[in-house]
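Engineer: Dock chain Y against chain X, hints included.
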Amino acid sequence: MKSTTAAALLLAGATLLLAPAAQGSPLFELAGDTMGSGGHNARAASTSAAATYFNPALLPRVKQGFGLGMLVLSDQISMTLDGRPGGDVPVSIGRDRNVRDGNGDLIPNDTFPTDWLENGCDTGGCDPPFAPRPRQADGSSGNTRTYVGIGLVSQLIDDKLVIGLHALIPVGQFTEAQQFHVDHREQFFSNSLHPELYSDRLTATSLSFGAGSQLLDNLSLGVSFTLNLQNTAGAGTYVRDSADYDQLELATDVQVRTGVSPHFGLVFSPTDDTNLSLTAHSPQKLEIVTRFGAALPSGAESDTTRTAVHAYTPWTFALGGDVGLTDEFALVATVGYSLWSQYEDRQGNSPGDFYGDDFAWNNTLQVNLGGRYSVGDANLFLDLGYQPSPVPDQDGASNYVDNDRASANLGGDFAFTVADLTLRPGLQAQIHRILPRSVTKDDSLIRDEVPDDAVNGSTQAPIVGREGLQTNNPGWPGFASEGWIFGGAFSLTLEY
Amino acid sequence: MTPTNPTAARGHAARFATLLMTLTLLVLGGCAEDTILPVDSECGNGVREGEEACDGASEGCTETCEAAEGFTCTDNTCVTTCGDGIVAGAETCDDPDNPDCNSACRLVGVRPGCDMSGYWIVRQTDFSVDDIFGGLLQTSSNWYIFELAQEGDAFEVQISRYCGIQVSGSVDVTLTPDGIRRLLPSNPQGRNNTARDPRRGVSREVGDGTCEFSMDRWYIVRGVEESSGESPYLPADFSARPELADLPVMPDVEDDQRMSEAPIDVEGAEDWDGDGRDGLAWVVTGAASGVRNSVQRDWLEYFSDEEFSVAAGSNEFVAVSRFDNEENILHAPSGLLLAGSVPAPDLKGQITFRYLGQTLDEPAAAEIIAGPLGEDLDADFDTCARVLEALPHLDSQDLGVEL
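Just so you know, the protein sequences line up as chains X and Y, in that order. With our numbering as the guide, the letters of the first sequence map in order to residues 1 to 496. With our numbering as the guide, the letters of the second sequence map in order to residues 1 to 403.
Rather than coming from a laboratory, the hints here were simulated on the basis of the structure. Misleading hints may appear alongside valid ones.
[Stated by the list, open to error] Residues of chain Y clear of chain X, computed beta-carbon distances all greater than 10 Å:
no. : residue
1   : 31
2   : 33
3   : 68
4   : 83
5   : 84
6   : 112
7   : 124
8   : 149
9   : 177
10  : 206
11  : 210
12  : 260
13  : 362
[To be verified] Take a look, some chain Y residues computed to stay more than 10 Å from chain X by CB distance:
no. : residue
14  : 180
15  : 192
16  : 216
17  : 232
18  : 247
[As the list claims (entries may be wrong)] Facing chain Y, according to a computed beta carbon distance under 7 Å, are these residues of chain X, among others:
no. : residue
19  : 80
20  : 92
21  : 300
22  : 457
23  : 459
Note that the Cβ used here is the ideal one computed from N, Cα and C, for glycine as well.
Next comes chain X alone, as it looks inside the complex:
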């Protein structure tokens, strides 16, 4: 067994080498236990190395072994944008930058003519040409991704010290971090809306390691960690020709700092057939700090620093339990409370602080219920869950797209022995319904990108089309979203 333990530790070390690409764990939270029969009640009933993340206090109850798995998730979230009833930013705004408001102040350079966004511009000063970026032409719906799962559980000192490691690693496409904006500023980039809590968050390489201990016959404790990264990228540039970035001279300086987010678990068994679980997961995120500096031939220099936050996962506390109704059948339930009010978006902003208290995110209470059926070495499970959206109605300037979600997870595993090796294959399917949601914008909360008193700064002539609301906010005048996430997983664990 010593050699097996050493091999396990070696595997653990090798997996930790993946750490530089790891970040928070929204993928774990969505997929649940894909290596065993924990399903979406993994905080209360994980039977595999996935307990490392969900509840490390369950590790002493998990059989030693290491496993490999494959998970496929397909997120099919559709956006339906309402047609624009006017509200176009006039072409003259792009042609004449000397536009002033009634106070004589220049209006800032932060809007494009709507016609340019839809059709591009290659005449009259657009040199090099301005490429079109039609509304919602670059959304992020409809992705199918494959992940490799790795799990390891090893008893270092019987059930008094059991270590675990669990990772889900995207195959083909590695971690993606899209720093999209959720307001009118997205017109400069994709000019589209994106699901706030899915899409690129599901590309995170998720890795957790930890340990659990059966302190008393009816009490176990555990602690585990996920990695938090802070990537700092500095890009010093020499801008020889601002219209031809092929001539840009660039010097980058990239640093990666690693931190950990701790997670705690406790399992108390008041009777032989009843277990209660308590877990606390601390916030997780990936920070990308970017420093830009530009030097110009004139000797002028300018620099700034921006911080992007990706895959933010908030404090989550959960209470769970399972109770055996017969020798074969048990009920399991988990109630979780997540502090989404502390959410930091991709621009590093807190929604409430940035868009006002009415748009602060809500903390959420999510529920999972399920059943477990075991016969011999075979297990079957079914979980049903409901996760309300933390995002308030987006009738203002922001466009955080998120919906309530209902889920079902069905699966099972069984063990068999071949040549003194005990193997446990498992198979599961899950389905998440992204429940329909729609919103109509309140025009009074939308930023008017051309003031009604805008004039040409030189001639004082009124800007044509200045009356009323002009906006390129891609979510105006309203939008709807709904969809599905489908998942399937296969795992094979070698128990020893």
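Structural biologist: Chain Y alone, transformed into the frame defined by chain X:
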């Protein structure tokens, strides 16, 4: 039996399993699709929606919210399309081959031969390279309105108004309304110049249906002491054609004073636009933004050549513009706005003359000139706004010019 490569077999199996699971999931759920709902446009509500070209009271917008024949619509405003062969709106002609029809599709009298007498609006287009982003092409427009009088082959400026400047390129540069008002009566080139003789030129027919055209070199200053053409920074005798570097040094400040927040009193410079800082205020927008103040001095001269020949009888022509410029920046809010530009050495500037008629009563002149030139500043300001509309700023792309 063909030997099997175990590694390849495992790879095929993994790919097959992924494909199978993916297909199963997609068959179960279908693919997501983003859509934009069509909007129910309501013609006549004053708001341009959906496929409407326009929706409003603008001339040229039909009752069905389409552009009327001869019009094109942008920003819910329709304008005539000069050159499409359709006389529409305020157009009085639309025939590029008709010498009576100018490029704004207005009928004007044909000027006799090469005679320059009458009212002309003028756009001077010059090219320079910036010193901010490493030599990008900048295009400037200077606008004037002239009343000219010709005797024999020579003509001279009777009265001139200076209608402002606009620059585009790596940054856009414009003037404030107060700056344009101050510029209007400045650097007079005609009888209103009490310090020197009017600017003169030559226009004579050379036998092949073209005119030999030229206007003498003229010197102008901006933002410095200047009274009806008299300035210590101008040469005493324009006809000597001195280079700018040979003239008295223009007012300036120390390098470390240029970004001073407090206004600095600069000897010889004047606050031309009342913004509290000496010099003329330039509004810079685009890749760099802010208002900078400077003093400037130019010389400019115009002439025809083989490439830019002037047809006899033409009521609009383009000749060559040549210039030199120097600028001392007295204040800028950031280092980005401290850099200037120099004339592009190998690019010909272009001066566009458009004839309005012999008198202010003629239709083309009356459409643009709000009143007798030089008598009322507000009327001249309105006139200049119409000049800019009639001969809009063109950038290097519009003109097909590149470095």
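Engineer: Sort out which numbered hints this structure fails and list those numbers smallest first.
Structural biologist: Hints 1, 2, 9 and 14 contradicted; others consistent.
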